[in-house]
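Asks: One letter stands for each residue in the lines below.
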Amino acid sequence: MPVILATDLIVFLVTGGAIFMAYRSTRGNGAVLREIKQNRLAAVSLVFLCLYLGTALMDSLRWRDVAVDENGAALITEDGGAVYESEALSLLDRALSGLRTGTEKSYSAPFASRLFVKESMELPDGRVTRGYPPLRYPGTHILGTDKVGSDVLYTAIKGIRTGIVIGTGTTLIIIPFAIFFGVIAGFFGGFIDDIIQYVYTTLSSIPGVLLIVAFMLLFGGKGFQGGLVSESDVFLSVFVPNDRLFWLCLILGITSWTDLCRLIRGEAMKLRELEYVNAARAFGVPGSGIIWRHIVPNLMHIVLITVVLQFSGLVLAEAVLSYIGIGVGPEMGSWGNMINTARLELSREPVVWWNLFASFLFMFGLVLPANIFGDAVRDALDPKLRYR
Amino acid sequence: MLSYIIRRLMYAVPIIIGVNVLTALLFFRVNTPDDMARKILGEKFVTPAAVENWKKDHGYDLPAFINTDEHGAGIVTQTIFFQKSAPLLWFDFGRSDRNNIDIGREIRGRMWASLAIGLPTFIFAIIINLFLAMILAYLRGTLLDTWGLFICVIMMSISILFYIIGGQFFLGKALRLLPISGYDTGLHSIKFLILPVIVALIGSTGAGVRFYRTVFLEETGRDYIRTARAKGLGESRVLFKHALKNAMIPVLTNVVVSIPFLFYGSLIMESFFSIPGLGSFTIDAIQAQDFAIVRSMVYLGSILYIIGLILTDISYTLVDPRVVFD
Amino acid sequence: MSSQVLEVKNLKTYFKTGEGLARAVDGVSFKIERSSTFALVGESGCGKSVTALSIIQLLSASGVETHGDIFLNGSEISNLPEAEKRHIRGNRISMIFQEPMTSLNPVFTIGNQITEALTLHQGLNKAEAKNAAISMLSQVKFTDPEAIFNDYPHRLSGGMRQRVMIAMALCCKPDLLIADEPTTALDVTIQKDIMGLMNELKSELGTAVLLITHNLALVYNNADTVGVMYAGRLVELAPARLLFSNPQHPYTIKLMRSIPGAARRGHLLDTIKGAVPAATSYPKGCRFSGRCPREMEGCAATEPALTTKKSTANDYGSKQFVACHLYDLAFMSGAKARPLRAAADGESKALPTKAAAPGSETIVKISNLKTWYPIRKGIFKKIRGYVRAVDGIDLTVRSGQTLALVGESGCGKTSAGKTILQLIKPAGGSVCFRGQEITAMGTRELKQIRAKMQIIFQDPYSSLNPRLMVKDIIEEGIRSLLPGLNKVERQRRVAEVLDLVGLGPKAMSRYPHEFSGGQRQRIGIARALAVRPEFIICDEAVSALDVSVQAQILNLLKIIQDKFGISYLFITHDLGVVEYIADEVAVMYNGKIVERGAVEDIFNRPTHEYTKKLLSAVPALPE
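Protein chains in written order, with the working numbering: chain A, 1 to 388; chain B, 1001 to 1326; chain C, 2001 to 2623.
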């Protein structure tokens, strides 16, 4: 029985969009593709980003298994319907089931064969001594295990989907609003422009973090936080709309659409004066037709540049929000949560460093390529900024 | 000039009203006073009477926006919205929901600690970032510029959390050079401030240098720079005299708006380094779900933002002779 | 001391680009003498500006390589260390640029910017520099130089700024002044002042001038010696009078014949087929081969040298240099000298006869038309006054005729055009199309008229939506204004107009960026023609084009007019174009029409002071 979260839709949309962009850039004038080809660093970055996106996609295809009894027979309800496990495992979970289920008792260092903390052990002769007990799965934990014995590598990989969703979902949510209001304000000007300008000045005058905090405290408290799917949240038997991560995207979007809106408004004002718009007006093309054919397509490059440049900032913001305690729930894999716990581990003696290291590694592995790739896209699409 | 500032302040009025309406909608409508009372009194064993009592004590016992029991001005004034928003206009923030402390006094007391960390960070960040950016712009096209830029990108790809944790671990714990966190009054505070300021500077360098470098390079492509070169001026003079003053225009847009926020504090820095400023005040309020404080901080933030915008406009007249106020 | 200020020997400047090595300047040699003006002329992209920047050595960016020798007063300067080069720049060689509006630093005072060079190169102290700067400012005809000294650039007009630039360039009394299109961005009346000033100071200070321009008339009136550049090379070099009375190189000849003017009325202008080759891929032999009307079999194989050798009787001695095999005796006597094309290109063709007798019927009548832009001020943006861009003009356009609306920048001519088409709401007055008043029409009624009134714009780059294919661009008007046509009919109409403007059907599914400036202008014309208008406003439609491309477009407009009997309102600042194409002319000044009438009358017997000033400011070419 498949389970689709609201944020899964974002991942599907982004994957589809990425495939579409790849297809488009092989045709058309292909400025981005040319830039990527010339810039080897950007090409490597693109490979990294694809790997991350692929992982996020695998982590977004999830289904619930048919529940079985001890004998392995499928459970059925009284009226003969199938009974499903309450936990929806993703394709990724299933692929990494060795890491997922291979838990230890507590901390263990990377590649270790014994536990990191002393425990009372019963020796073969029956005496009890304190020492480092051997691991159940020695040498398999490349990045060690955390306090409750989960594999750190697995936790870090689970953070990928959160990072990708935050980075892309937020912009996906804001793009329609920003384009709609920005274009209308810039194209029509006058009273409409005044109103829209007033709205975004007001919104941007509110400190972003506090607005996010307020929204999250009010709306984001409940909902799917990773882990178990409760029957009450499931809609049409497969769809889970109440997804805390989705709320987070939405709220980050509400607080950050104003910048893009302002950019688009400015560009629309410029485009409105161009001669091809005047030519269309001389043909009696109505305002809506001009916007659709002449304005919107010619400011999409700004949207694309903003999307790729905002991405890394949003991934970083998620970590900070999770640290404050208003990010995704603790059950959901997230680098912010990892950092949050890792902070206290650094004051242990001896130091437990691998949790922090893993979150650093995985976050850096996404944000750095995103920044490099974003620069390449901007260089390709915005000739004004072509200085290197 | 004066008439311009007055006009700008008048433009600010509808924005402040808008901010108030929005926060009131969030805090009084979506999240009703009953919800607040239950949260603060404890979800489980709360009686309706206790909720009513709490509301009365904290001034939440009126209708949210329109009071139909009143007549005349009272319809509007005898509401939570009016009672809670109007005093904000003369900076009367009222009392907190949970501990009943005077928010205004708390803010006045704590803002200096925020300033003590905000101001040095701000000043050093501008100096360091501008300086490094100009060096990169001077060396543009060379290998040094390419690598410098790449290091900037690497630096901005690392979360501020890692800088904080790393700084505390290496400078504080491993080398024992500086206290990990804490605060003291007067000059004794300096040893506590060094680490957070260093960390904040490192955290802002990557993005800052890159931004200023782009601004400089945009200026170096302009016609008047070519004129300056055609005059026989050296590259350093071209860059440090002709490009710098023009580059200050976009730099100011970016920088001046944040000057009022130096009092406002930073949520993360203050909570990590246990600095008793407005940032940690806010974060404590968030964790305690004290909406009176959060609302006050939202209002304060908007006011500071508007002041920042006005300061930005005024600062333009200092560097750009083309800008005149009518 | 020799009178030779500058000698350039085999100068080559190459840029590394994504498409390969661009040979912007590829072996240019010339000399300039004291107190004389040497002009480099050519169309855009021929390498003339790069030559100038190479001489003053401002091309230091990476990816640029420069070869050859530059001698200033006999000493080589191209291999000097950077510090010494800087001492030459702004001191011995100085330069002024095309865009006076952006060439001065907006945040420093005029005085600050002029004294900078004086203190740097002449070692003057602050007070001395100020005195020198002020005397220089009065030399460039500022009546209150002290006030200008303390002023900021944004408070000066374009012409004043260019005078400041000249003062700045000449304050160190340089040996050579490079003027790169110094008047192109300025109005023609100001152009005359600036050129006059430069000539005066040139003889006063003994400065040599290198004038870079595309304007042949300007060259004829101001230069002593002229070098004609084409594809990174000099193709002809001669004293100005000689060049204009007896041009030798086929390119020079073509260029001169493509200039519109009274003499060419009633004839098609000469055009050059094809386009200027890209700097990354010049033809192997003569760079004009493939386009040359007198090309011979061997031209594409060997490149001709710039020499004075003459083949024919009219030997002008050693003063006129030509790079063409036609004047190479050895080449001409060889077997490769057989002409490739029939040499029927000599005389320009007369126009075909007109479809209908023009001038009988009034198409558009404009009376007392006003376009006012409100000035809003204060807190509530109250309207405090109006900019009267168009302030009560009367115009009449007759069928099959061309009415030219001329005036300098800011006179309101473009606003007038847009107001006539109802793209801007008029503040008053009437526009009648075939007797129908259109200013009061609603959107739907206006649509009927819009198919009859169309517009062609100036900028070939911003007039086409880069995201649409050519067929969609052209189809837009048909879709909107002729909803009766089905898809097949629309496609047929698009193909038809593309054919009409000389672009094949292949152009349909390509994007604007794949076309050159001239081709884009053709697409713009096709777009207007697609709805079969009776009246077209050409808003500076040929002003942004090179002269040879401009000739093609003017010819095309002329042919279309004669074929379909379309009336034009030709909005332009170029009086040569007016003389060539217009039947009637209206002169606009400060929002008002100051004079109108038949072209011959206005040009030969102007009555209004402004018209006289305008006409006398235009540099004339020999007949």
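One should not assume that every hint holds.
[As the list claims (entries may be wrong)] DSS-like cross-link-like pairs, simulated, lysine-lysine; straight-line CA separation at most 27 Å:
1) Lys2382/C - Lys2447/C
2) Lys2365/C - Lys2284/C
3) Lys2284/C - Lys2336/C
4) Lys2452/C - Lys1241/B
5) Lys2085/C - Lys270/A
6) Lys118/A - Lys1191/B
7) Lys37/A - Lys2487/C
8) Lys2130/C - Lys1245/B
9) Lys2085/C - Lys1245/B
10) Lys270/A - Lys2425/C
11) Lys2471/C - Lys270/A
12) Lys2365/C - Lys2487/C
13) Lys2202/C - Lys2173/C
14) Lys2370/C - Lys2336/C
15) Lys270/A - Lys2202/C
16) Lys1241/B - Lys2192/C
17) Lys2130/C - Lys270/A
18) Lys2612/C - Lys270/A
19) Lys2192/C - Lys2612/C
20) Lys2447/C - Lys1245/B
21) Lys2365/C - Lys1241/B
22) Lys1241/B - Lys2085/C
23) Lys147/A - Lys1173/B
24) Lys2173/C - Lys2085/C
25) Lys2563/C - Lys2452/C
26) Lys2031/C - Lys2370/C
27) Lys2487/C - Lys2452/C
None of these hints come from the bench; they were simulated from the model. Bear in mind the structure is a predicted one, so any value in this text is a computation, not a measurement.
Asks: Confirm or reject each hint.
Replies: Hints and how they fare:
For the suggested pair Lys2382/C and Lys2447/C, the alpha carbons sit about 33 Å apart, so the restraint of at most 27 Å is broken. In summary, the hint linking Lys2365/C to Lys2284/C is not supported, as the alpha carbons are separated by about 56 Å, beyond the 27 Å threshold. The hinted pair formed by Lys2284/C and Lys2336/C meets the criterion: a straight-line CA distance of about 16 Å does not exceed 27 Å. About 56 Å separates the Cα atoms of Lys2452/C and Lys1241/B, which puts this hinted pair outside 27 Å; it is violated.
Distance hint between Lys2085/C and Lys270/A is unfulfilled; the C-alpha atoms sit about 42 Å from each other, more than 27 Å. Pair hint Lys118/A plus Lys1191/B does not hold up; C-alpha atoms about 38 Å apart against a cutoff of 27 Å. Of the pairs offered as hints, the one joining Lys37/A and Lys2487/C is violated, with about 40 Å between alpha carbons and a cut-off of 27 Å exceeded. Note on Lys2130/C and Lys1245/B: the hinted pairing holds, with a Cα-Cα distance of about 22 Å set against a maximum of 27 Å.
About 26 Å separates the Cα atoms of Lys2085/C and Lys1245/B, which keeps this hinted pair within 27 Å; it holds. For the hint pairing Lys270/A with Lys2425/C, the CA-to-CA distance comes to about 20 Å; that is within 27 Å, so the pair holds. For the proposed pair Lys2471/C and Lys270/A, the alpha carbon gap of about 25 Å is at most 27 Å, so the pair holds. Distance restraint check for Lys2365/C and Lys2487/C: the Cα-Cα separation of roughly 35 Å exceeds the 27 Å cut-off, and the hinted pair is therefore not satisfied.
Distance check on the hinted pair: Lys2202/C and Lys2173/C sit about 10 Å apart at the alpha-carbon level, within 27 Å; holds. Our distance criterion of 27 Å between C-alpha atoms is broken by Lys2370/C and Lys2336/C, whose separation comes to about 65 Å. Of the supplied pair hints, the one linking Lys270/A and Lys2202/C is violated, its CA atoms being roughly 43 Å apart against a limit of 27 Å. The hinted pair formed by Lys1241/B and Lys2192/C fails the criterion: a straight-line CA distance of about 34 Å is larger than 27 Å.
Proximity of Lys2130/C to Lys270/A is assessed by CA-CA distance (about 42 Å); at most 27 Å being required, the pair is judged violated. At most 27 Å may separate the alpha-carbon atoms for a hinted pair to count; Lys2612/C and Lys270/A exceed this at roughly 38 Å. For a cut-off of 27 Å, the pair hint linking Lys2192/C to Lys2612/C stands: about 14 Å separates their Cα positions. A C-alpha spacing of about 52 Å is found between Lys2447/C and Lys1245/B, which places the hinted pair above 27 Å, so the restraint is violated.
Note on Lys2365/C and Lys1241/B: the hinted pairing is violated, with a Cα-Cα distance of about 57 Å set against a maximum of 27 Å. Using a Cα cut-off of 27 Å, the hinted pair Lys1241/B and Lys2085/C holds, with the two alpha carbons roughly 20 Å apart. Among the hinted pairs, Lys147/A with Lys1173/B is consistent with the structure: their alpha-carbon atoms are about 22 Å apart, no more than 27 Å. Distance hint between Lys2173/C and Lys2085/C is fulfilled; the C-alpha atoms sit about 17 Å from each other, no more than 27 Å.
Restraint check for Lys2563/C and Lys2452/C: satisfied, since their Cα atoms lie roughly 16 Å apart, inside the 27 Å limit. Between Lys2031/C and Lys2370/C the CA atoms are separated by roughly 54 Å; this puts the pair beyond 27 Å, and the hint is violated. Of the pairs offered as hints, the one joining Lys2487/C and Lys2452/C holds, with about 21 Å between alpha carbons and a cut-off of 27 Å not exceeded.
The structure is inconsistent with the numbered hints 1, 2, 4, 5, 6, 7, 12, 14, 15, 16, 17, 18, 20, 21, 26, although it conforms to all the rest.
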